[in-house]
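*Asks:* Chain residues, written in single-letter form:
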Amino acid sequence: MEAEDGYMVLMGKTHVKSQQRSKDFALYPFYYCILLVVGCIGILTFVMTVIGLNFSNKKMDFSKNININSLAGDNYMCQNDWLLNQRKCYKFLTSSRTWNESQRDCMKLQAHLPVIHTLRELEFIQKSLKPGQPSWIGLYIVPPGKQWIWINEHPFVKQKDFSIIGPTDSMSCAVTTRNQVNSEDCDSKFYGICQRDIV
Amino acid sequence: MGRKWMAFTLIIFSTVLVVFIIIVCTTKPFKNPQTIKCSGKWIGVGYKCFYFSDDTRNWTASKTFCRSQGSELAQIDIPEDLEFLKKHTGMIMHWIGLSRNQGESWKWTNDTTFNDWFEISGNGFFAFLNADGVSSSRGFVDMKWICSKPRF
Numbered sequence: 001m002e003a004e005d006g007y008m009v010l011m012g013k014t015h016v017k018s019q020q021r022s023k024d025f026a027l028y029p030f031y032y033c034i035l036l037v038v039g040c041i042g043i044l045t046f047v048m049t050v051i052g053l054n055f056s057n058k059k060m061d062f063s064k065n066i067n068i069n070s071l072a073g074d075n076y077m078c079q080n081d082w083l084l085n086q087r088k089c090y091k092f093l094t095s096s097r098t099w100n101e102s103q104r105d106c107m108k109l110q111a112h113l114p115v116i117h118t119l120r121e122l123e124f125i126q127k128s129l130k131p132g133q134p135s136w137i138g139l140y141i142v143p144p145g146k147q148w149i150w151i152n153e154h155p156f157v158k159q160k161d162f163s164i165i166g167p168t169d170s171m172s173c174a175v176t177t178r179n180q181v182n183s184e185d186c187d188s189k190f191y192g193i194c195q196r197d198i199v
Numbered sequence: 001m002g003r004k005w006m007a008f009t010l011i012i013f014s015t016v017l018v019v020f021i022i023i024v025c026t027t028k029p030f031k032n033p034q035t036i037k038c039s040g041k042w043i044g045v046g047y048k049c050f051y052f053s054d055d056t057r058n059w060t061a062s063k064t065f066c067r068s069q070g071s072e073l074a075q076i077d078i079p080e081d082l083e084f085l086k087k088h089t090g091m092i093m094h095w096i097g098l099s100r101n102q103g104e105s106w107k108w109t110n111d112t113t114f115n116d117w118f119e120i121s122g123n124g125f126f127a128f129l130n131a132d133g134v135s136s137s138r139g140f141v142d143m144k145w146i147c148s149k150p151r152f
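Chains A and B supply the protein sequences, listed in that same order. Under this note's numbering, think of the first position of the first sequence as 1, with each following residue one higher. Under this note's numbering, think of the first position of the second sequence as 1, with each following residue one higher.
In short, the hints are calculated from the structure, not lab data. Computed from a predicted structure; not experimentally measured. There's no promise every hint is true.
Said to hold, decoys possible - In silico DSS-like cross-links for lysine-lysine, where the CA-CA straight-line distance does not exceed 27 angstroms:
| # | chain 1 | residue 1 | chain 2 | residue 2 |
| --- | --- | --- | --- | --- |
| 1 | B | Lys-86 | A | Lys-130 |
| 2 | B | Lys-87 | A | Lys-127 |
| 3 | B | Lys-87 | A | Lys-130 |
| 4 | B | Lys-41 | B | Lys-86 |
| 5 | A | Lys-160 | A | Lys-88 |
| 6 | B | Lys-86 | A | Lys-91 |
| 7 | B | Lys-37 | B | Lys-87 |
Chain A extracted, bound-state conformation (with noise of 0.2 angstroms):
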């Protein structure tokens, strides 16, 4: 019996410890709560950190995409196809029309025929043109006069580098290639610039 006795006791021993070791078991997930939010935790500071990085390196490129406009001569001043040159905005037409077609043309645009005040600015408009592409520019001579004048009523003043080559009839108007400054009749088609001031 006793060993039965003890045989029961072991057994009741046993007993105990299975319930032990259930209440251990019973404990676990406890912990696996713990470890399962400390987990999430982890991995929601790491998407959250991602997705920082991301935003961050987005923003970055932004600006370097302001910074190389920048460099790039401050082109964002003008509008998408028109050039930028010393505060004025530039565009080359691509159809030959007469002088008082191009003017209006330019004038839908919120532009006008060229009026240069600096050497630099004409270098700027002759260098832009191909060879074999004459273009009107703001520069006419009134019917009763030889005077040429700017389409913004300031008399041409002749310079060094800058000159008119051709007749000063009534009727002139004036067409630069890459090379000079040419008297036309205003009736003839050539292609147009039109010109204004930054925005």
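Fit chain B to the known structure of chain A by using the hints.
*Replies:* Below, chain B without anything else, positioned relative to chain A:
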């Protein structure tokens, strides 16, 4: 016997093929002799060769250049030529061989009178063209030019 015949037909077939290829190769140039006639930078269209300059000059200097090459500033006689020249010049202005004196009609550089079969805009005395058509100028402006000469 069969093998001999096979070899025989094969030889005949291959010689016929070679002869045929030779005939095709040699007759092709004779079919379009014009394509050989325009040399170097000249482009053949119909019965004419055209030269498009890289350089720019005024009308008179352009005329002188064409004369030095045994040709004239471009003379345009048929609509096909005009269409070709307009397409080929695109956005670049080119002098052609038409000029006039005050109050007179347009003349080609060989002194024949232009019969007004296309329009020349403006009141100038020297003609040029681009994709948009033919216009007139006072002749001082530097632009490219086209020379033409007959193909044969």
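*Asks:* List in ascending order the numbers of the hints, as given earlier, that are violated by the structure.
*Replies:* none
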